[in-house]
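Which chain is which? The protein sequence lines are V and L, in order. At position 24 of the first sequence the residue is numbered 24 (this note's numbering), and the sequence of numbers has no breaks. At position 63 of the second sequence the residue is numbered 63 (this note's numbering), and the sequence of numbers has no breaks.
Hints listed in this document are in silico derivations from the structure and should not be mistaken for laboratory results. Be a bit skeptical, because a hint or two may be false.
[Said to hold, decoys possible] Computed Cβ-Cβ distance ranges for the label pairs, DEER-style:
1. V/Glu11 - L/Ala93: 31 to 37 angstroms
2. V/Ser118 - L/Gln195: 29 to 35 angstroms
3. L/Tyr49 - V/Ala22: 31 to 37 angstroms
4. V/Pro10 - L/Leu74: 56 to 62 angstroms
5. V/Thr77 - L/Ser118: 27 to 33 angstroms
6. V/Arg55 - L/Glu145: 52 to 58 angstroms
7. L/Gln122 - V/Pro150: 36 to 42 angstroms
8. L/Arg154 - V/Ala15: 31 to 37 angstroms
9. L/Glu145 - V/Ala22: 51 to 57 angstroms
10. L/Arg143 - V/Gln129: 51 to 57 angstroms
11. L/Ala93 - V/Pro10: 20 to 26 angstroms
12. L/Ala93 - V/Thr131: 44 to 50 angstroms
13. V/Arg51 - L/Leu74: 49 to 55 angstroms
14. L/Thr33 - V/Arg51: 49 to 55 angstroms
These numbers were taken from a predicted model, which means no experiment stands behind them. For each residue, glycine too, the CB sits at the ideal point set by N, CA and C.
Protein chains: 2
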Amino acid sequence: MTLKSRRRGPELEDAILDAAWAVLIEHSYAGFTYEAIAARAGTSRPVLYRRWAQREDLLLATIRKHWAAHPVELPDTGNLRDDAIGFLRNAGAGRSGMMTMLGMQLAEYFRATGTSFSDLRQHLLTPGQRTGFERLLDRAVQRGELPDVPRPPRVVNLPFDLFRHEMFMTMRPPGDEIAIEIIDQVWLPLIGWPQAR
Amino acid sequence: MTLKSRRRGPELEDAILDAAWAVLIEHSYAGFTYEAIAARAGTSRPVLYRRWAQREDLLLATIRKHWAAHPVELPDTGNLRDDAIGFLRNAGAGRSGMMTMLGMQLAEYFRATGTSFSDLRQHLLTPGQRTGFERLLDRAVQRGELPDVPRPPRVVNLPFDLFRHEMFMTMRPPGDEIAIEIIDQVWLPLIGWPQAR
DNA sequence: GCCTTAAGGTACGCAGCCGTATCTAATGTT
DNA sequence: AACATTAGATACGGCTGCGTACCTTAAGGC
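Let the sequences and hints guide you as you build the complete structure.
Here it is, written out as structure tokens:
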């Protein structure tokens, strides 16, 4: 296949990272090889080696490119319960949920680098930004649904942790009934939402 | 290395499964190869192939052998809070905690077989047996610490889920402060333990 | 239009692991 | 003591991916 046009610089790099992402999604980290990625990108291994000397570098670049692009959408229904359930639903759908399950596949990478999913997450998150559930609570307080008292981060972000745990355990995005269970049985009672129970 | 005695049958099988376990612990599932295991057991690949045609079979046999042997110990302090914290502490220590983190490494296996950690867990658990936290609650009710009301399984087993989530995220057993946080900030308030808050 | 840069292609040797075949010799059984 | 079994050793061809070296040719800067 002799293409007339030859890609260069950023254009080529983008194409490679897209191909790498596709390979990662389809074949997991075990199949994330220079060989497969180069083939998928329609280029050759030396081109990849010139840019990323280590597989780990390539992985990081790949993830970094595809992470920020797809934040979880925050619903605004005017009601804390519906906001929370909707938020979990969004978290499971789309690329965000895939990202989480992909994290599980990266166990081998974490092992090799001595890092963890938590580290990767820290590395990718915008520092200082409020989490989804923190913002949901802010709004609920503004609406007067809840008193403005301090709450431990562990409690605030509990639903997301449980949701992620569920994804780790089952390797698929949990259904709505799980989200509802988490919110109704655990979270709302815990933060003392007046209409709970 | 020509050994005088030649192992056979169950003795050999045990030795192989022990070697397989060691390899699994040290090199994770990616390094879990017939080659490495045979070498470690001081035997040859054909011997393994005669018993387990598939790598997955060998993995299951290996895990099955080393799972039941080490249940998490249930403390009995006479106090629900101390019981719960102690139980989480035990869950993180020893082979049980390792098992959980090993589960993370098996992502590739789950992918290949279309199963999940949850499936594996189901497969290994004694059916019908009450979970650790269910038993802790039973005893607390007997002591009169708590009313005998039904509680959703999700709430009852919440601490373990959060603890496991923590292990998944950080790839190491959480410290006591995490266990205490989970019990004090989340669980005890949720089940209405009188001395909480 | 010349010249530097880098993409694209090919090839090399190396390593690890696969699955199987074959032979031997130790072991436990009868 | 003869025998069936099977562990253990070795070897085979094959495959995939590694990392590098090399050459060519297209692209972009000047």
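Which earlier hints can't be squared with this structure? 1, 8, 10, 11, 12, 14
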